[in-house]
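We have chain A already, so just place chain B on it with the hints.
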Amino acid sequence: MVTRVTETADMRHSEPTALGASESDLIVRARRGESAAWRTLIERYQNQVYAIAFRMVGDADDAQDIAQEVFVRFYRTLDRFRPDGRIATWLYRVAVNLAIDTKRRRLRRPDETVEPVDQNPLPDTRAEQRDLRVILERIIHTLPPKQRRVLVLRDLQGFSTEEIAEILRCRQNTVRVHLARARLRVKEIVTAQYPELTGGMSR
Amino acid sequence: MKCETVRQKMALHVGRDLPEHEVAELTEHIAACGNCAAELDVLWQMQAVFKDVAELQPSLLPANFAAGVVALTSATNGDRPRPRGFGWLRIGWMPVTAVGALVVVFLVSVWLFTDRGGPAGSSPIVEGSSRVVAPDGTPQPPVVMWADLVERYGSRIDGPVPLARWEPPDAPGVFVIMHRPDPQGTPESYRLDYCGESARFGAYRGSPWTWQRERRLLSRAGSWDNVYIAVITLPGSSGSERRRIEKTLIEEYNPYFNIRNGA
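These protein sequences, in sequence, are chains A and B. Quick note on numbering that gives the first Met the number 0: the first sequence kicks off at 0 and runs consecutively. Quick note on numbering that gives the first Met the number 0: the second sequence kicks off at 0 and runs consecutively.
One chain only, chain A, in its complex shape (with noise of 0.2 Å):
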C-alpha cells in the first residue's frame, strides 16, 4: 500500500553528501553511548533506506527488516566511520545489497516470492494509468539485480548517476548502461503483455 506525500524534497532524496558539523557531533555522541544521538541518526535516513528497500523487495516487512539491519550494520561500524564520510551513501548501499540478498532469499522460495508478472495480468483498463503503475512495479521485480538497483535508484528515488555510481561504487558509464536496458526492458514487457495500456497512453 502506498500514500502519496508532499514533502518529496525529504521524503525522497537524502544528499550523499559528506557530514556536517551537527552529524560528526551524533556520530560522535553516538560513539559515545547517548542514545538520542543515535536515535536522531536513524531517523535521518530511516525513511529513504526504507524506501529503497521497499522499492528493491517490494514487501513492506522485507523492507523493514532490511532497513533495521542496515542501522544495526551501521552502529557496528560508528568507531570506523571518518568524520568526512558520506553516511547516506553507506547506508544506501547496503540497503541495494541487502536488498538483493533478500530478493534471492525468496526466488529460492517460491511460495514467497513476488507474483510473477506473466502470471497476473490486469485486464482492466478502465483506470490504465493506475494499472500502469502497478504493473510497472511488478515488472521492476522481475528484473535483474543490476538493472533493478539502477532503476529504482534513478527512477523512483531521483539520485543522480553520479550519486548512484558513487553509491554502488562502479563508473557513470555503467550505471547509464544497465539504467537504458532496463528501462527498455521494461517498455518491452508493457508492449509485449499490456499493448492495449501503451496503445492507451497519450502525452
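Keep in mind that the hints were calculated from the coordinates and are not lab data. Be aware that a few hints might be false.
Cβ-Cβ distance ranges computed for the label pairs, FRET-style [claimed, not checked]:
#, chain 1, residue 1, chain 2, residue 2, range
1, B, E54, A, T76, 30 to 36 Å
2, A, V27, B, G235, 56 to 62 Å
3, A, E161, B, A47, 20 to 26 Å
In silico negatives: residues of chain B with every beta carbon more than 12 Å from chain A [said to hold, decoys possible]:
#, residue
4, D16
5, A31
6, C32
7, A65
8, Q183
9, G184
10, R199
11, G235
12, S237
Residues on chain A that point at chain B, a partial pick, calculated with CB under 10 Å [to be verified]:
#, residue
13, D64
14, I99
15, K102
16, L131
17, S159
Ideal placement from N, C-alpha and C gives every residue a C-beta, glycine not left out.
For chain B alone, coordinates are given in the frame of chain A:
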C-alpha cells in the same frame, strides 16, 4: 547512427541522462526515423509513469522503528535486559504445517484476565481474523474449543505476561508470542508474532531465537517490554495434540514468524 544504438540513447534521453553533446545527433536521427520516433514516444510516456510512481511513498515505517533499533543496538553492547527462558523456544521454530487454535490461547487469556478482575473493556483482543471480545468490550464466553481443552487436559492458561518477566512452566503446552501494536491507544490489542508448542518449557536453556529473529521481534515490538507471552499448559498432552492446537492458532491468526517460517 543505427537504430539499436539510438534505442539505448533514447532510453537515457527520456530521463535526462544522455550527455548534452549526444542529444543533437539523437534528435537528428529521430526526425528521419518513424520507428524510433514512435518508440521514443512510448518511452516518454513510460517515464511519466515512473515519475508518478516515484511520488508515491511506500507505506511508512512504524512510529517506533527508531526506538526499536536503539533498543536492539544497545543490546549489542550488553546492556539489554535479556528476556529470560528463551531456550525453550528453539523447538518451537520447527516447520509449521497447519491447523489450529490460537483462538484458544487468546480466549484463555481473555478468560483469565476477566477472571482476575481486570477492568471492563480491557480484555485482550488479538488482531487477526477473529476477536475474543465483543466490540463493546464485553468478554465472550469460553468457546467450545477452550471447554474441550479444559475437559480433555485440565489445561490452564497463563498470560499474557511480559516475556522478560515470564517464568517458564515445567510442563508441556502451546504458547504465543505477541506484542501490542499501539500500547497507548489500544493497550488491549495484541498482534501475534509467533505460536509454538513445547514438551517441557523449563527444560531448555540458552538463547533459542537466532540473533536475526530476536532483532526482528524487537523491531516489530519496539521494545522488549512490549513483548508478551501467553501459554496454555497441557499436562500429559502428546506432541501431535499440541501441534494440532498450534496449527489451528496459526491458521487463525497468521503469526508473522510462523507464516514466514522465521525467514
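Verification of the supplied hints:
1. B:E54 / A:T76: 30 to 36 Å: At roughly 33 Å between Cβ atoms, A:T76 and B:E54 fall inside 30 to 36 Å, so the hint holds.
2. A:V27 / B:G235: 56 to 62 Å: holds (59 Å)
3. A:E161 / B:A47: 20 to 26 Å: holds (24 Å)
4. D16: violated (6 Å)
5. A31: holds (21 Å)
6. C32: holds (16 Å)
7. A65: Violated: least Cβ distance 4 Å, not greater than 12 Å.
8. Q183: Non-interface label stands for B:Q183: nearest chain A Cβ at 18 Å, farther than 12 Å.
9. G184: Label holds. Min Cβ-Cβ 20 Å, cutoff 12 Å.
10. R199: Label holds. Min Cβ-Cβ 31 Å, cutoff 12 Å.
11. G235: holds (36 Å)
12. S237: Per Cβ check, B:S237 is outside 12 Å of chain A; nearest 29 Å; holds.
13. D64: holds (6 Å)
14. I99: violated (16 Å)
15. K102: Because about 12 Å separates A:K102 from the closest Cβ in chain B, which is outside the 10 Å limit, the hint is violated.
16. L131: holds (5 Å)
17. S159: Where the cut-off is 10 Å and the nearest Cβ of chain B is about 9 Å from A:S159, the hint holds.
The structure does not agree with the numbered hints 4, 7, 14 and 15 stated previously, though it agrees with the rest.
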